[in-house]
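For reference, the chains in residue letters:
Number of protein chains: 2
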Amino acid sequence: MYVQMYDTTLRDGSQGEGVNFSLQDKLLITRKLDELGFDFIEGGYPLSNEKDTEYFQRVRDLDLKHAKVCAFGMTRRRGVGAEQDTGMLAIRDSKAPVCTIVGKTWDLHVTEVLRVDLEENLAMIRDSIAFLKAEGRTVFYDAEHFFDGFTANPEYALKTVQAAQDAGADVIVCCDTNGGSLPERIVKILSQVQKEIRTPLGIHCHNDCDLAVANSLAAVETGVIQVQGTINGIGERCGNVDLLSVAANLALKKSGYQVLTQGVGLTHLTELSRYVYELANMNFRSNQAFVGRSAFAHKGGMHVHAVNRFAHSYEHISPETVGNERRILVSELSGRSNIVAKTTKHKLDQDPEIMGAILARVQELENVGYQFEAAEASFDLLVKKVAGAYEPKFQRIHYRVNVETAGQGQPLTEATVKLKIDGEGPIRHEVAEGDGPVNALDQALRKALIGFYPRLAEMHLVDYKVRVINSTGGTAASVRVVIESADEKDVWSTIGVSENIIEASWLALVDAVEYKLFKDDGFLGK
Amino acid sequence: MYVQMYDTTLRDGSQGEGVNFSLQDKLLITRKLDELGFDFIEGGYPLSNEKDTEYFQRVRDLDLKHAKVCAFGMTRRRGVGAEQDTGMLAIRDSKAPVCTIVGKTWDLHVTEVLRVDLEENLAMIRDSIAFLKAEGRTVFYDAEHFFDGFTANPEYALKTVQAAQDAGADVIVCCDTNGGSLPERIVKILSQVQKEIRTPLGIHCHNDCDLAVANSLAAVETGVIQVQGTINGIGERCGNVDLLSVAANLALKKSGYQVLTQGVGLTHLTELSRYVYELANMNFRSNQAFVGRSAFAHKGGMHVHAVNRFAHSYEHISPETVGNERRILVSELSGRSNIVAKTTKHKLDQDPEIMGAILARVQELENVGYQFEAAEASFDLLVKKVAGAYEPKFQRIHYRVNVETAGQGQPLTEATVKLKIDGEGPIRHEVAEGDGPVNALDQALRKALIGFYPRLAEMHLVDYKVRVINSTGGTAASVRVVIESADEKDVWSTIGVSENIIEASWLALVDAVEYKLFKDDGFLGK
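Chains as they are written, first to last, in the UniProt record's numbering: chain A, 1 to 526; chain B, 1 to 526.
Chain A extracted, bound-state conformation:
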């Protein structure tokens, strides 16, 4: 059975705290979802703002291959004909081929929140759908609070979806709006509805009980043909169901279901996940199922040994099937087998002398507090250095950071950096201010390098983490700094350790910059 994937990242997902897509972001995500074979893309709420109105104009130029764009809106207001309701007209004028209309199921919401009588609510549902059907659109009906409403008053809840059916809705989507349902309730209620309603059903879950994926899969088992959700599960409160997990589970873990068959499909799910995070300016969730950076990461000598011998002994699926990759974390818990596995991409595993030298260097650095599991870029640079394949891009002659304050005001921070470029190159001596000492150093370093390495402008810092290592030493203890950097294509992490937080930050910054430059040169053996 083919299960339709209905993505509402751009509408319901953007209700999430801190989520805000520009018009350009929305168009880019629409194109990407279409390439992967998503069936429906809910682009926005035409009445709500100009950005959404413009989205529906611009999206027509995208020439989508498979996906249908959907405009979202509420049923008409009370006491107004649908043809006079501004919301209805905005949906019509969006020219979206699919219109998704949300209406009230729960009698309490009808009478107490909306404050209309129960019959008028049924008329609002019928009129709104009938109006858009008469305009020739495909209409999906989102039954808000369906499971709570059905539990409170099953008879009225059924009347609302019967009204939607009578008016010609193409799919009736049962929404667990508050996210409070468990799979057994979803199954029980959908089975009852299927006895009364012949229109195909869909499911729309939120993750407030940490069960949105389970609920959506349970709904599919009862026969619903459409799953609504968002990429990475972004959305209000605890988010919508993560469509990536739903698609991967349906395609790979259950038999008899197909998804995304019209696009490049599953093997791009990881790329899609990161693309959406990047455009939403959100941090990746490294432990995210299927697509997270840690989802196929192995730590601990025994595991790694076994994974190398036969992968499926420690992996529930092959990471490539969802476009992810296996990662062998280098850590104190692990032995030689980890390092061998990690250096295969450098094609060094045939040289036992270099392997021994890398191991020795890793152990030496781990003894002073380095941890390469979260700093693979620094590890790759280390391999280059030990293997003699490394030429520094610049050499530090000097740096200085000064933080100075009077009274209770914010301190002034200034950093100077003096470098020799590329071994034989010129000397650059630059100064910059910053919000703090690391920012000031970063600014001064970029100022010194950008003229020679203009591609550094593509790179930005994503995260900066500090950890005191032997914490019994208090502020005199060693400090581990991990910096995560990104450009348009990649994300990489680098590490520095020192008793001095400034020096530790400097070391991580320098690795971050060098990794970017080596990566662009194609010198990292990937």
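The set of hints was computed from the structure by calculation and includes no laboratory data.
Bear in mind that the values here come from a model prediction, so they are computed numbers and not experimental data.
Incorrect hints may have been included.
Pairs count within a copy or across copies, as identical chains cannot be separated in the list.
To be verified - Quick list of in silico lysine-lysine cross-link-like pairs, DSSO-like style, CA-CA up to 27 Å:
#, residue 1, residue 2
1, Lys195, Lys254
2, Lys253, Lys188
3, Lys133, Lys68
4, Lys65, Lys95
5, Lys385, Lys489
6, Lys465, Lys51
7, Lys447, Lys385
Using the hints, position chain B against chain A.
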């Protein structure tokens, strides 16, 4: 039915990427889990390292109210008597009342990874459990890869758990080690096992399919008496099941189950979540089910309006039941009950005007990134300040920090501090060097104060943690510093937030010193 909560945050959780608990962290988490009523706390793997060995010594002094501490280990090595196996002896010598032994279920793992024959694996299981039972311990048997193993070779899988039963295991825990199972498989296999095995069963799930909570709940429905998992679902790859979600669902969403009945329970789950994140130096996941900061956050005018009118129309549970709070994103209205609870020791709760002022100040500071959950000393000082019961011990006139380096050597760090003591007192202007900027500041501050406040010599810094708050800003983002200090009697934590890490550290340092001085004066209402 009472369902046992078995927490393995300190062992399996610490396998998560970037998770690293100090000994002190582990003891603090143990105490907190005990207070909340968790039944079993897996503290570590006694053979693996000195920290875990010391943990089992130190944990005996904690005088836990309800929880039992568990030592984890593998079955004996092949061809060695259990009484001669170093792992077995380490577990015995940990003196932990509960020993959890993991063994192989999957024939493929036995012959290909472990490389022992199938009969020897059964003997290893039997001998290991029998040895620890003879020592008078409670023994839980973790059947690794149980569901994969049972699917591959049900007959052999059953033999392994029969061996565990024969040897006297108190609970047999079926582990979905690779996290690849769906609820229907969990239910089907457990139901088959229950026909053959009379020993009570437990469940141990990983989240690789985004279904760990659903799988654990499904297992409980089949009759398992114990759920193993971690706080916040930390753990290798996609993590273990989040015990917070399991406990909340069992207690609040399903009928007929009890959890955590021996402790302060559910209403502290949110506090526990944040406490563990803080000690693990990890970022909170704001959309986390039940306990996330956004879990009950309402955005969008209609929702907020409705939520204000009758809360359950848009909330699946009342946030207070899990110690969380409703947040209205337009105007932060958080935490009155928390604050009332936290200020009771200051005997201020009778004064609504001061309470209101404290609330306002906390909200203002939380908006710029303060979090008082893990910085109660700073909170106590804040209460004093707002209540007008605060006289600063010194006033800063000026500080300066300079970090300077040449070439690849360690930088030189110097800090100067200029203070006015005690309002009217003399001016002190001191300079000190340090291993890093914060250490240098600390040294200079102490040098300036010690002549007036000699008891500062009793105090030392225990831990120093740094977190970037809006980490998408990279090094230009705000920084939160938490400093943990101790003297012979107490441990206290203080916080500072600034765009500048030096300033944030200064603020936390000053609070740490002031707290020490007020505490010794008996002015903190404790």
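Quick rundown of the hints versus the structure:
1. In the homo-oligomer, the alpha carbons of Lys195 and Lys254 lie at most 27 Å apart both inside one protomer (25 Å) and across protomers (26 Å), since each shortest distance falls under that limit.
2. In this assembly of identical chains, the alpha carbons of Lys253 and Lys188 lie at most 27 Å apart whether taken from the same copy (23 Å) or from different copies (15 Å).
3. Taking the shortest alpha-carbon separations for Lys133 and Lys68, only the intra-copy value of 16 Å comes in at or below 27 Å, while the best inter-copy value is 64 Å.
4. With identical chains, the CA atoms of Lys65 and Lys95 are at most 27 Å apart within one copy only, with a shortest distance of 17 Å there and 65 Å across copies.
5. Taking identical chains as interchangeable, the C-alpha atoms of Lys385 and Lys489 lie at most 27 Å apart only when both belong to the same chain, with a minimum of 24 Å there against 49 Å between chains.
6. In this assembly of identical chains, the alpha carbons of Lys465 and Lys51 lie at most 27 Å apart whether taken from the same copy (20 Å) or from different copies (24 Å).
7. Proximity of Lys447 and Lys385 under a CA criterion of 27 Å is satisfied intra-copy only: 26 Å inside one chain copy versus 43 Å between copies.
Violated hints: none; the structure is consistent with every hint.
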